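Student: Each chain, written out:
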Amino acid sequence: AQKITQTQPGMFVQEKEAVTLDCTYDTSDPSYGLFWYKQPSSGEMIFLIYQGSYDQQNATEGRYSLNFQKARKSANLVISASQLGDSAMYFCAMREAGGTGAGSYQLTFGKGTKLSVIP
Amino acid sequence: EAGVVQSPRYKIIEKKQPVAFWCNPISGHNTLYWYLQNLGQGPELLIRYENEEAVDDSQLPKDRFSAERLKGVDSTLKIQPAELGDSAVYLCASSLGSGNTIYFGEGSWLTVV
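So the protein lines, in turn, are chains E and L.
Residues in the first sequence are numbered from 1 upward in steps of one, following this note's numbering.
Residues in the second sequence are numbered from 120 upward in steps of one, following this note's numbering.
To be clear, the hints were calculated from the coordinates, so they are not data collected in a lab.
Treat the numbers as computed from the prediction; the structure is a model and nothing was measured.
Take the hints with a grain of salt, since some may be wrong.
So, partial list: chain E residues that the calculated Cβ filter (under 8 Å) puts toward chain L [what the hints assert, rightly or not]:
#1 Y25
#2 E44
#3 F91
#4 Q106
Pulled from the structure, derived: some chain L residues nowhere near chain E, Cβ distances all over 12 Å [said to hold, decoys possible]:
#5 K135
#6 R167
#7 D175
#8 P180
#9 D182
#10 F184
#11 K190
#12 E225
Cβ coordinates follow ideal geometry from the N, Cα and C atoms, glycine included.
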């Protein structure tokens, strides 16, 4: 079973509007972290936001917020006031504590969502 | 502060030739990762270092891939011989310990012809 599922291969949003990118995850580890990265066409993976499994509040970083619904195992990224520069691939990733040694703290990525911002 | 630096950014080689990628992590980051990203996919871990020690290389194809991190700072990933299926982006990343946020470089784009 896939650990990270991003069901939207592509999304369009009008400039200045908000957009939600979906991410669901699968883990039996009680301790885990969820990440969102942005990858523009240049190739660099840019860290956006982090949510820990024990965090009580949803994470926010500027225009990015994470809608964390633990019981549903979802961690959707919300981008407010979209800008043309937000056009990129967006990846959701999970890191499980997973004990020690090989395999622990491994970051597992979804397949990504391509976001296009329309002027 | 400089981010993760990788070189070369782009490389085109013929199959069966060797290729090497270099990575300089963020200063002070003791954990270094090499990820492979195929077109249209998310990155997949190849190897993780804690200082000089490779603590997770379970997904590194050891028949043709090798990596080293001498002195616990810079790292080199080598492929010998390269195959057509190795065409991908090789991403280096680093973090301040395994439990912290991972920061990526711009990647090395490999095309094998």
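Student: Checked against the structure, which of the hints given earlier come out wrong?
Tutor: 1, 6, 7 and 12
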